[in-house]
Each structure stands twice: as structure tokens, then as C-alpha cells.
Amino acid sequence: MSDLNQNFFEKITYRDALRLAIHDAMIEDKKIIIIGVDVANYGGAYGATKDLLKIFGKERVIDAPISEPAIVGAAVGAAMTGLRPVAELMYVDFFGMSMDQIVNQLAKVRYMFGGQISAPLVLRTQGGTGRSAGAQHSQSLESWIMHTPGLFLSMPSKPNDAYHLLRHALRIDNPTIFIEHKLLYNSTGYLDKLDTNFSFGKANIIREGEDISIISYSRMINFAEKAAEILNQNNINSEIIDLRTLNPLDSKTIIKSVNKTKRALVLSESNYTSSVPSEITSIIFENCYRILKKPVIRYTAEDTPVPVAPNLEKNYIPTIEKIVEYSKKLCN
Amino acid sequence: MMSNTLLPELYTTMKRIRSFEERVGELFIKGESAGTMLHLSTGEEIGPACVGTAMKEQDTFTTHHRGHGIFIARGGDPKKMLAEIAGKKDGYCKGKGGSMHIADMKLGHLGANAIVGGGIPTVVGAGISYKYLKEERVSVAFFGDGAMQQGILYESMNMASLWKLPVVFCCINNQYGMGTKIDNAVGYKDFSKRAESFGLKTLHINDLDVENAYNKSREIIEDARKFQPGFIEIECYRFYGHARMDKSPYRNDLEETEMRKLDPIDYAKKELIKNNMLNKEEISEIDKNILNEMDEAMEFAIKSPVNDENEIFIDVYSEKDPLPISIDEKINKILSN
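So the protein lines, in turn, are chains A and B.
One gets our numbering by counting positions in the first sequence from 1 and adding 79 to each.
One gets our numbering by counting positions in the second sequence from 1 and adding 2 to each.
Bear in mind the hints are in silico, worked out from the structure with no lab data behind them.
Hints may contain errors.
Unchecked claim - Computed cross-link-like contacts, DSBU-like style, restricted to lysine-lysine with a CA-CA straight-line distance of at most 35 Å: (1) A:Lys129 <-> B:Lys133; (2) A:Lys110 <-> B:Lys332; (3) A:Lys137 <-> B:Lys108; (4) B:Lys136 <-> A:Lys137; (5) A:Lys109 <-> B:Lys203; (6) B:Lys136 <-> A:Lys331; (7) B:Lys322 <-> A:Lys129; (8) A:Lys272 <-> B:Lys133; (9) A:Lys335 <-> B:Lys133; (10) A:Lys272 <-> A:Lys137.
Please work from the sequences and hints to get the whole structure.
Spelled out as C-alpha cells, the structure:
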């Protein structure tokens, strides 16, 4: 983050894109505050709020006690009374602590009070495997949120998307759950702050192809991209759809792509059963069943807790090799 | 001293709460209430009256599932409240919240909550807002003795204390968490000590003198305004069952008869007459006006129209967002494929 005022970065980390998004939003809107465990002095467990305390002061960057339910609850109350909090839960796994405030309070404020008020906040967190962090620090729990009406859900894979999705979330009147991935913070990509192509709620067709649609989000997009290169060498031209937001879900782009390729592999790091891929598979079946050449494949993590042992953890989630293998079989 | 008394006002508030709750019961009997989740605060009027009156106009609050009385004390319109309880269009939340989710941002009601303890951290957030925005407002969380056993209360107390927030936690202890008596739910009953240990200023009310309770509550609220958060416990007795269908089989008639004698409204009435503040006729006149007011509210609620069916889909997301697509539309689209 050498020059904060730059509008274009050829190469920026996912972490810095997030940090810039919060920074720029806070400059623009004095009602934005940050609240979470170790967000101020420590700069966030994964560094996404580093230096913001120095820039914005302790009234706006607030270190909270380790009280996840009350952090979310206080953010809801602050959002209802004039502020726009960015609350951080260090791991999505800690949603287990806070689900009452997320599902019964945050998601319901507008509806059950008859549209009088909303709680416009962003709840940032991160999930996923890759650091041998174990069964309580590595999960992908996005389907919990996607199952709850009232919550927008963003899961960007690229720095440019991370920036724009976060800026957007800090401007709208809906609460947004923003799930980052612990292994993406150091990944890099471009950032164009003035990107006019960015459209909230619209999936990004990362790679166009005719043979198979690979639909995914978050870190698995990187896996899909690597698999696509290998598939390409095997004369299979895959189309990769990065959903970017799971609510709203861009069903139109998914259906359009599958209508073209007639084959689909839905890729995710979550568990298999009742997952985001389960939902997307249903949508594809409902809308494209006449033209599908093969059943839709849900390729996800195993239906087990996340193991710590590095060799087990690596094979617990989808692998590039298997994405290639399954895609080839679908295209046979 | 007499000219300074607020007892006639406090009496009127308590009487209005009781009359309102009676109408809620009637609404149910007439089959006009939306469901049976009706938790009456009959017998508990002292808490809402004393704390509600001690709060200032700009102050805000959350309540629990037994919160009708608190909102009446804070200026809630019985018409719109009963319409909400009836699930009608003219209700505070267009009938989509109901008895347990009444809210009104104009009167500072940040929402009634049906999760025990669920609305408590909301006031912590409100306190953060008021301090940051430099608004001289206090936010009060009202809850029952059941919520004293919820962890989030203690997380919230700690935050209020840590950040010196203009917040008050108010426990209306009616001795019962649904069907479980407090003795069967609490190991050590001195709630003030718990709050004290977090650095809160505390107040414990355990008598029927509503004016005294009001004066002491006001001190707690004004200290909170100066960033000394507080805790108030008001002991009382839930005259009826947990909800409308509950006939209280878990407690005996003798207990109910004895405890119902501790009626804050009767006590206030006697005080008014004894101290020549109001005579019997004047009190009858107040009572009659209240009954008329509640009659009108009842009529309003019953006559209020129901919602259009499409209201199901409204208010899930902001006005700028598309409405959720109905399941019927989704299925028909699939079937037409």
C-alpha cells in the first residue's frame, strides 16, 4: 500500500485490496467504524486492518473483547442507530457462537420490524483450509448464511473483486456477510478502483469455453483456473464462472453457460451435503435438464470435519488433478 | 412535595398497561389475535412505569417477549400495538412482527425480541453510536430474570463497562422463566452483585412504591448519560401464565392469591387517596378514560385491514433490491421448461 491514492494497481495482494477498500470507505463515510477482536492494535489476525488504527483513531477502530455474540449484536445495534460498522469475526467457524445475532437478529431486523429500519453493516470473516488450523478454524460455512434470507453474501476470489464488493457492501442498506479465504490474503492480482465493468450480484466469467462449465467461488477459482490450463492441453475448453456473491446469486449466468456447454462441475471447499453446490446443482437441473449431456457433478470437500495432518487436509478438499479427471469424464 | 409528585402519572401509566394487557387477552378470546404467543405483563407494571417514565424523550430501548407494558410507558399507541398483535396492516410493523416484535423507531423502540437476551447487545451498539455521534441519549435493554442466565448479557455488561457506554440493563424479575420458578433456575439470586462485579451502578427495587422506584431509576439513567452504565432489577410477580394458553399448573393457587395481593396498582391507588392527591371519583374518571381509550384501540385493531398477499416478499432486502421470487413463480417456470 505504497500510495493510497493510486487508482490502478497492476499487482496488489488480496489483503491490501481489502485494506484499501475499508480505508477508502472510511475516508468517504465518517459513520463507518471497525469493531472486532484484535482489529486495532494487532491490525487484524490476517492483517486486513493493519495501520487503520493509526489513520482513523481508536474511536473508529475498536478492539473488542473475545465476545463474538456481543460483537455482532453491538454491530447490529450500532447499525440501527446511525453507524455503519465493519464487524470482524476472526474465523467463520466462530459463527457457531454468534448465529443467534446473525440469523435471528441481523437478518430479521428489517423484515420483522415491518421495513422501518435495517442494519447496514458488513460482517467480515474468513474461512477455508490450508493452514492445518484444524476442525474449528478451517470450515466453509457459507451455506448456513445462504440459507438465511436477508443477508447478502460475498466470497471474492480476486483482489479487484474483493475491493469492489467491500466498497459496495459499505454503501448499501442491506447487511452483508463477507467471507474471505485465509490462503488468499497473499495472492495477488490487479486492482482498478475505477473499474466500470464491475457489477454487484453479477458472476464473473473468468474464462470462456464451450465444453464444460466449472462454477465456483473463493479460493477454488484458483484451482479451477489451473485445471482449465491442463484441460486445454487435452483439447477441453472449459468455462469458469466465478460467482463472487452467493446472495444475490447470478443464476442467469450459470444457466446461460450450462445451456451452452451442456456439462457442469460445481466446485467448492465446503462439505458436500446441503451445500452451496447442492443449491446450484438444483438450479442447473431445474433449468437445463433437457440439454444436459451428463449429470451435474458437485465436487466439494469430504463430508467429514477438517483434519489437521497436512497430507489429510490437502486431500480433504478438491484437488486440481481430480478437477481435471472429473471434467474429462464429463466430456467423454 | 405534593405538587412535585408524579404518582398520578405513574398510576395512569400502570393502569393503562393493565387495561391494555386485558384487551390483548380479549383479542385472543375473540379469535382476533395473530396466534397465541401473547405474553402478558399483568402484575409487572411497576418496572415499565418507573423506568419508562425516568427515561427522556430521545432515549431508546429494546424489550423482550413480555414487552407491551414497556412500550405503553414509552408512548406506544395502543391502537397500533393491538393492530400489530392482530397481525394487521396498521400495526407498528405492518403485522409482520406481532406481539413479540413490536418496534417503532420514532419512539426509540429498537425492537421487542423473542430470543431470551437477544436484544441486549443492541443497546451496547446504540451506546457506541450515541457516544461516537455525541448524542445525549441513553439506551435501555429490558429483559426478564430468564435472560439473567444468558451469556450474552455478561458479554454486553462487560462491553458497556469497558467502553463506558450510556447504557442501562433493566431486569424485570417476575420470578418465572416460562414454567420454571427462579429458585429452580438460579444458584445465587443477588443479581445486583453480578452487575456490580462488572463495574455497573446498580439498583434493586423490591417493593410497591412506584414513585420511589422512579426517582431511583432516574438517577441510574442520568448516570448512564454521563457514561456510567447501570443495572436495575425490579422484582414483581407475573400474575398469569407464561403465554395466553398457559394455566400455570406448575404453581399453586395459594401462591398466586398471596402474590397477587402485591399489586402495584392497588398500592398506588391507596397512596393517591391517602395523601389526598386524587380522590376516588377522580381515579374513577382516569380509569374510565383508559377503558374508553382501550375500547377504541380494540375497535381499531379489529377493523384494520389485512395485508395484501404480496407483503410476504417486502422488507427482506432494501427498497432498491428486487423482491424475492415466489415459490409458485419458480415452480411454474420450471414446469414450463
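A quick look at each hint next to the structure:
1. Distance check on the hinted pair: Lys129 of chain A and Lys133 of chain B sit about 25 Å apart at the alpha-carbon level, within 35 Å; holds.
2. Distance hint between Lys110 of chain A and Lys332 of chain B is unfulfilled; the C-alpha atoms sit about 39 Å from each other, more than 35 Å.
3. For the proposed pair Lys137 of chain A and Lys108 of chain B, the alpha carbon gap of about 31 Å is at most 35 Å, so the pair holds.
4. For the proposed pair Lys136 of chain B and Lys137 of chain A, the alpha carbon gap of about 15 Å is at most 35 Å, so the pair holds.
5. For the hint linking Lys109 of chain A to Lys203 of chain B, the alpha-carbon distance of about 32 Å falls within 35 Å, and the restraint holds.
6. Of the pairs offered as hints, the one joining Lys136 of chain B and Lys331 of chain A is violated, with about 47 Å between alpha carbons and a cut-off of 35 Å exceeded.
7. For a cut-off of 35 Å, the pair hint linking Lys322 of chain B to Lys129 of chain A stands: about 34 Å separates their Cα positions.
8. A C-alpha spacing of about 33 Å is found between Lys272 of chain A and Lys133 of chain B, which places the hinted pair at or below 35 Å, so the restraint holds.
9. Distance check on the hinted pair: Lys335 of chain A and Lys133 of chain B sit about 51 Å apart at the alpha-carbon level, beyond 35 Å; violated.
10. For the hint pairing Lys272 of chain A with Lys137 of chain A, the CA-to-CA distance comes to about 27 Å; that is within 35 Å, so the pair holds.
The earlier numbered hints that this structure contradicts are 2, 6, 9.
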